[in-house]
Each structure stands twice: as C-alpha cells, then as structure tokens.
Amino acid sequence: MKKAIIGIAVAVIWFAVVISYTVIATAGKGDEDGHEFTVLTVKEETVKDYNTMPVFKALAKETGKDVYWTYNTSTQYSNNTDPVGLSGIDAIYHSNFSNLQLYNYGSRGRIVAIDQYLKYMPNFSKILDERPDIWEALKSPDGHIYSLPRVEEMGLKTHPNLLFLNKAWVEKLIDSNNMPSEVSSLTKSDLVDGLTLKRSQFKAILQKFKDTHSESDIPLSFVSGCWQGNESDLIASFGVPENTQHKTIVDDKIIFTVESENWYNAIKELNDWYNKKLIRSTAFTQTQDEFLAKGQDGRYGSFYWWEKETVVSSDLQDDYIMLQPLVDDATGKQYVGLSNELEIEKGACVILSACHDKEGLLSYFDKFFEPLYSAQLNYGSIDSGAFEKQKEGEKLVPNDDHGAQSADDFRMKNAPYGVVYLTQEVWDNYVEMEPRAKLRLERLDVYLQNNAFDNIKAIPNLNYTKDELDTLHRYENSLGKNITSWMINKITSSGSPSVSDWQSFLKTNGTSISKIKEVNQRAYDSYLEATNSSN
Amino acid sequence: MKNNSVAEMTAEQTLSENDLLIEQAYEAMANGGESPTEIKNTKSPSKWEKWKQNFKRRGWILLFILPALIYVFIFCYGPMYGILVAFQDYMPGDKIIGSGTQWIGFGNFKTFFSDPNFGTYFLNTFLLCILGFLVGFPLPIIVALLLNSVRPKKIKKGLQILYYAPHFISLVVLVGMLKLIFGSDGLLDQLSIKFGGDANGLQLFLKPEAFRPLFIFSGNWQDFGWSAIIYLAALSGVDPALHEAAKVDGASRFRRIFSVDLPAILPTIVMLMILSIGNLMSCGYEKVLLMQTGGNLETSEILSTYVYGGLMSGQYGLSTASGLFNSVINVALLVIANFTSKKLANQSMW
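Protein chains in written order, with our numbering: chain A, 1 to 535; chain B, 1001 to 1350.
There may be inaccurate statements among the hints.
To be verified - Below are the SDA-like pairs computed for lysine to any residue, each with C-alpha atoms no more than 25 Å apart in a straight line:
hint	chain 1	residue 1	chain 2	residue 2
1	A	K2	B	K1207
2	A	K367	A	M154
3	B	K1179	A	Q296
4	A	K277	B	K1207
5	B	K1287	A	T75
6	A	K167	A	G194
7	A	K277	B	S1313
8	A	K358	A	K2
9	A	K481	B	K1343
10	A	K157	B	S1313
11	B	K1343	B	D1261
12	A	K294	A	D328
13	A	K515	A	D315
As the list claims (entries may be wrong) - In silico contact screen, one side only, chain A against chain B (beta carbon under 7 Å); selected entries:
hint	residue
14	N79
15	T81
16	D82
17	Q101
18	Y103
19	S512
Claimed, not checked - Chain B is nowhere near these chain A residues, computed Cβ spacing over 12 Å in every case:
hint	residue
20	T187
21	K198
22	E215
23	R443
24	I488
25	T511
26	K517
27	E529
Derived by calculation from the structure, the hints in this document are not laboratory data.
Nothing here was measured: the structure is a model prediction, and the numbers come from that model.
Virtual Cβ for every residue (Gly too), placed ideally from N, Cα, C.
Turn these sequences into a full structure, and let the hints steer you where they fit.
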C-alpha cells in the first residue's frame, strides 16, 4: 500500500512538473512588453538578432518608432497553422503567404489591406504609381493589397541554369588522342568560357567521359525540378521554351511545353542519354545538398547550375568552363527558356489587424523601400562593414572581404533580407551589385547572346478571381504530379517512349491542361490590359 | 451472448442470475416453503427489474470504466465537431460554428471528387491497403503457429525476439535503410551492375510498379513478429490435455496445428480481422510520403498523402473532406465485415 502511494505521488509530481513546464515555456516567451510595436520575423538561429542590427537602429532613430523584433525559425513557423492568430505581435516579416492565404486572411479582415494606408507611405505609393505591374502583381482577387513586396530586379532569376564542362577531362581526351570524331577538330585553345557545341557533339564527349571514367564519375548532372540547375535548358535545346512548371508565354499566349512535339523528342533523347549512362537516376532523386556535396572534388564531367563557384571546390574552379547553350542539330539554333521565378515577390511582410497603430507601423516599413535601407537590408548594415568605405554621394559597394568569413556567410548572418526595392535605377545610382551577381550577369550575356527565342515571356504574378484560384488549386496540383512522374518514368525506363505513349499522356491530362491554360490566359489578358492602360 | 472475447461479462451475468435465483428462493422459503423453480415460474421479475436490483447492489463497479469513458469522450468524441470543417471554407483562426463561418455545403467534396486524379488516388489507396492486408494478415498467424510448435524454449524465445526486433526501428530509419539497399546507387543496384545487369541498375525507387511491393514487404518485415505476439498469447491458453489427447489418437504435428491450435485462436483471428478491415483504407501517410519520389508518384500518391498536401497548402476544408470520405469508407467496411462474420462464423463485435 505504501509503495502504491509513493508511486501515485511520483506520478502526480511528474505530471505537475511537465504541465507547469509547458505552461511556463509557452506563456513567458520574449520580453515584448513595453515596446511600441512587436514584429515576428522568420529567421534561422545563425542569423543575428534583428534588434542588434545597426540598420534597424538607424531606422528606429530616423522614424522614431520603437519596434521590437521577435522570431521563429522556419521550422517553428511552418509548424504553426495560424501564425496570424499569435497574440502580442503587430506584423509578420517574411510571412511567405501564398496568394490564397493572403486573400483568405485579408478577406476575413485578419490582416490589413495596405492600399488603404498609402497616404502614410510616400515611398510605396510612388512605386505603385510608377510601376503598374507591381500593383497588378500584389493585388488580391478583391482588389486589395495585403502584403508588402520584395522587389530585387537583377535579371538573374529568369535564367537559373548555366552549363559547365570539365575542361580538364576534355584536355585528357585530347592528350590521349581519344577525342570522338564529332569534335575531332577541337583543340585545347578552344576550351574557354563561351565554347559552343552542338548537342550531338556534347553527347559524344559525355559518352567518352563515361567510357574512360569509373562508375563514381558522372558525365552530366543536375537536380531535376529544382529552381536552379535543372534539366529545363537541356530540354529547351530541342526548341521548346521549357521550365520546371512546363508553362510559359509564347506570343502572349499561355502554353504548356509538354504539348509540343519538341518536348516529346527531348524526353525521347534524354531516355537514350539515360540508358547510355550519361545521366544517372540520381539526377532525379538527389537534393541540392547531395548534388553540391558530390561535385566538390570534380566528379562531374558537366553540370547545370546557377554558377560553378558553389558546385566545385575553390582549387578546381579552373577545371570548368561555361558552355553556351547546346546547339540544336536539327535547326542549328540555340534555345533557352524562361523560368517563372519572379523578381516581384508577395508576402514579404503582412500587418495584422490587431496592430494598434497601423499608420505608424506602415510608415516605418515604408522606409524599407528607400535605396540606402533596401541595400542594407539586402547585404547587411553599413555600420557592420557590409560595404566598402565610400565618400559622401558615392555608390555603395558591397564589401567582399570579411577576413576568415566568406562573403556568403557574412551576408547570411548580417542581412535580414525581406522587404526591399532594388531596381535598375537603384543599381545605377545607389548600390553596386555584389561581385558574384555581376559575374553571373556577364556570364548570362554570353549564355544568352544567340538565344533564338525572342517571343517568350515568363508568367508574371497574375491576379485571379476566387473561383479561378479554386480551379487552379484543383487542377495544378495533380497535373504537376502527373507531368513529373511521366517525365521521370519515361526518361528512366529501359525502353524508348513511343509517340502514342505521349499522346495518351496528353489525352489523360487534357482537361487539366486546357482548364489551367484558360484561367491563366484570362488573367494574363487582363494583366496586359491593366499594365498597358495605366502606362 | 456467445462471444468468447466478452466471456467475462457473460460469466458475470450468469453469476448474478444465479445469485438472484438463490435470493428469490430464500425469500420464497421464508414466505411459505414452496420450491424455488415454482416461484420462478409464477413470479418471474422482468428483465428491467432484475437489472435495477443488480445495479443497486453492484452499480459502483461501473465506476471502473469511468476513466476510460472520459478519455474516449474527451479525445475521440470531443474533437469530432471538427468534421464540420469539411463543409466550410475554413482558415485557422475561424470559428467552427459562429457568425463568421463560411459554409459552402458540399463544395469541398465536389472539388475533391472532381480532381482529375481522384480515381487514381482512390485506386492506389485501395490496392496498397488491400494488398498489404492480404499479405500482412495471415503472416503473423502462420508465424505464431510455427513458433508455437518449436519445442526448445530457448530457440523459441530467440526466434521471437529476432522476429519482433525490427518493430522498434523508426520509420525514417527504416526508409533510409530501404533507400540504401534499393535506392539509386544502392546495394542492390551495385550488385546487379557487378553481375552484368542493366547498366543503370534496377532503380526500384523510381519505378511505380516497385513501390507497392517495397512498401508492403518492408512493412511486414517490420511488423510480422510484433503482430504474432497476440496470437502467441492466445495459443498459450490452449489446454495441453487437448494436445495429449490428439497425440494419443495418433495426430501428426501438422494435424495438431490444424485441429487443435487453429480452432483455439480462431476467435482472436476473427476479431482482429474485423478490426483491421475497419482500418483497411487508412495505411498511414508518413511512410508513403517518405518513400515517394518523382518517379513512383503514379502509384505512391494515395488519399492520405493528398490530405497532407492539402493541409500543407492551407486547404483545410478540402483535406478534412477527403479525410472524412476515407473514414466513412472505413466505417462502412467495418460494418460489412462485422455483419458478414456474424452471419458466416457467428463471431462479431456487436
């Protein structure tokens, strides 16, 4: 009996401890009391506390607003089903809300329609006046703007793939007199950035790579479906403006690339490349990190990626050269598609309806759009050494030298990102782009110089009605899955896909494809109308 | 009540009936000495009265089921009002019943059923679960029967531990192991290339047709030993005298399994079968999600992963609707299974 009582007592005490711990842990978090505003941001532990960042101190000094920054890590944040319901916060920075979420929260009055406060936001309203496309991009189905945007226009994101070739391996082939007949005229002096190869020549080189290297070396690699370094440009080389969504605009018409016969030809050819072991199945299963880890010691014969600097270790950089897009053997042209990754992003910040002084907080955030603040938010504070010392009135130049720390690491820790407005005008007058971005732009100039597609556009942020949003949700999810699985299955199967395979695949998904096209076309037409009429 | 699994209840009731009869007999004797049976015939108290009397005397015993009842109501029935979300355009933070609730009737169901892939998802779920059931249900029974006829105790114990040890591997680790063995550049592919197979290996994780076998066999490998425990427990209750008698009659070992052991655990088998048919359409989404690749989506996208996808993209109403649909099918299956078993085997849950 005594033992039982002790047992029960222990259990009771244990429960009490657990419960009181959870109560304390959930209740007494943060010291947001006594501040004028509290803003929740989403950041990783490694990023410095926003409250200590000089840029926010400068903002507080200039605006006279007392903003306290609290944070969630991205994991915590994504586990929270209702971040807007959190008590004690006035706004969410890096909210990352989708179109549907913004509209649902906005139409329920739980987040603020920012367009109603434009008179307190001189910078933002000027941007909206000058840029109808931004207004159009931010608008919800009910015509309101529910979030502040992030605008970073460098012209980089629409082309997330560059093709690199292992020069050292090709040199070895030349040295050993082992060059395939298709490229027999190639000499070592030809192996420089901007080399142009036909697809058949490239394939022949890959085949030699495969034949002369061990299993652990990979002739061609990429990360299928990833926003950067995917197979889209390889498929596009067949003359179809491919991107990871298989959806683009040609002559102001929304099209699906999968409907093009060139797309089918590309899949058929990739199947052949796969069966010849020029592409491995890992290209379709690996994550970015796995891809990057494998590339460090120069195991790739060639690869598609944003840049070579992150893929290959620093001592092997010279082993790789950038190729121009592969030349289509049939037409003799180079084709590169456009990704739908946008440079105008919604959801960078939302204001909660519970905020007691919306005008005040929005006038604070309005400052973020000023070039000098945008630059600091994007690269790190001036006072923390993010920029080189410059004289009054000179452009800000991002500082590349942070001692033992790499420029990337420094930026990750010191820059809050989020709401910024960096456009060509800003690059011309206030801030230099960072060296990496400039290098990539130079490379893109070479990469895109012969692009035969001059009638394609990326799909902008379109403005759908509620019904259209529902339709898209209904069809897009399953269509995306069907295309991905068909494509990967056909590329990685031992037999070549037949025309009838492809046609029956199109037939099965015909309804989805035409519904999505219809909705997008309607929205795009009214987008065109809105942006043209206000110009 | 012929149900064995509720044998205790039956015994309890018989006992109380006897008690009652004896009491009545004493009363009757006190009244005039007639025989108890006669009294019963002349003055039989109605069922209700018997129950009432019984309740007065031993009702407090019912208190023992109170904690379980409270638990079930708080955690199982309490949250059920949430299924109303299936009929709403719901956002977290909305009141489930309130002035601002946006009712949309069967809108979510319409969206769900008109999804072009609905048929595929449904079929995938059904096939994955029914195949899993067909393989996974008999396996532990066979294993238990075989284990039970292993004589040396040490070997029996050893085998049993060996069989149920995989149960304690976490899902993530299990799928990690699967990928190391069957995935791209995995053990199997390396071996098949070494021995002159297809140059690209088998790539089982990219093949839609390999998903179900991989899922089902890995699941059963993990759980057959664990599921066998309940049958082993039932088998331990078999009277050794029956075995002795069968031996004397010259029954072989195999014959004894069929004629002594199997009938003994039949009620357990039927009960577990009804229960697992009730869960037929719900084979957890976690493992499916972990095993999903772009290549095997064709067979690996099932209703529960669809629900998960909906939740992730903030479509709470749609997810609830498809979850509700799944549950309704499960309940229907349960009722059918119970009814069939009642008719055919005279075994049922209610």
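Verification of the hints:
1. Annotation: proposed proximity of K2 of chain A to K1207 of chain B is violated, straight-line Cα distance about 62 Å (limit 25 Å).
2. Between K367 of chain A and M154 of chain A the CA atoms are separated by roughly 21 Å; this keeps the pair inside 25 Å, and the hint holds.
3. A threshold of 25 Å between alpha carbons decides the hint, and for K1179 of chain B with Q296 of chain A the separation of about 23 Å falls inside it, so the pair holds.
4. Among the hinted pairs, K277 of chain A with K1207 of chain B is consistent with the structure: their alpha-carbon atoms are about 17 Å apart, no more than 25 Å.
5. A C-alpha spacing of about 20 Å is found between K1287 of chain B and T75 of chain A, which places the hinted pair at or below 25 Å, so the restraint holds.
6. With a C-alpha separation of about 12 Å, the suggested pairing of K167 of chain A with G194 of chain A holds against the 25 Å cut-off.
7. A C-alpha spacing of about 37 Å is found between K277 of chain A and S1313 of chain B, which places the hinted pair above 25 Å, so the restraint is violated.
8. Proximity of K358 of chain A to K2 of chain A is assessed by CA-CA distance (about 62 Å); at most 25 Å being required, the pair is judged violated.
9. For the proposed pair K481 of chain A and K1343 of chain B, the alpha carbon gap of about 44 Å is over 25 Å, so the pair is violated.
10. For a cut-off of 25 Å, the pair hint linking K157 of chain A to S1313 of chain B stands: about 24 Å separates their Cα positions.
11. Restraint check: the Cα-Cα separation between K1343 of chain B and D1261 of chain B comes to about 23 Å, which is no more than 25 Å; the hinted pair holds.
12. Using a Cα cut-off of 25 Å, the hinted pair K294 of chain A and D328 of chain A is violated, with the two alpha carbons roughly 29 Å apart.
13. The hinted pair formed by K515 of chain A and D315 of chain A fails the criterion: a straight-line CA distance of about 51 Å is larger than 25 Å.
14. Taking 7 Å as the C-beta contact cut-off toward chain B, the hint placing N79 of chain A at the interface is violated, the least distance being around 11 Å.
15. With a cut of 7 Å, the hint placing T81 of chain A at the interface with chain B holds, because the nearest CB-to-CB distance is about 4 Å.
16. Taken as an interface hint, D82 of chain A checks out: its beta carbon lies about 3 Å from the nearest beta carbon of chain B, inside 7 Å.
17. The closest approach between the C-beta of Q101 of chain A and any C-beta of chain B is roughly 5 Å, which is under the 7 Å cut-off, so the hint is satisfied.
18. For Y103 of chain A, the suggested interface contact is broken, since its CB lies about 10 Å from the closest CB of chain B, more than 7 Å.
19. Because the closest C-beta pair between S512 of chain A and chain B is about 5 Å apart, less than 7 Å, the hint holds.
20. Taking the minimum C-beta to C-beta distance to chain B, about 32 Å, the non-interface status of T187 of chain A holds against the 12 Å cut.
21. Every C-beta of chain B lies more than 12 Å from that of K198 of chain A, the closest at about 25 Å, which supports listing it as non-interface.
22. Not every beta carbon of chain B lies more than 12 Å from that of E215 of chain A, the smallest distance being close to 7 Å; the non-interface claim is violated.
23. With a cut of 12 Å on Cβ distances, R443 of chain A stays outside the contact zone with chain B, its closest approach being about 29 Å.
24. Listed as outside the interface, I488 of chain A is inconsistent with that label: its C-beta sits roughly 4 Å from the nearest C-beta of chain B, within the 12 Å cut-off.
25. Annotated as non-interface, T511 of chain A brings its C-beta within 12 Å of a C-beta of chain B; the closest such distance is 6 Å.
26. At the 12 Å boundary, the C-beta of K517 of chain A stays outside the reach of chain B, the nearest C-beta of that chain being 14 Å off.
27. E529 of chain A, annotated as away from the interface, keeps every beta carbon of chain B farther than 12 Å; the closest lies near 29 Å.
Of the numbered hints listed earlier, those contradicted by the structure are 1, 7, 8, 9, 12, 13, 14, 18, 22, 24 and 25.
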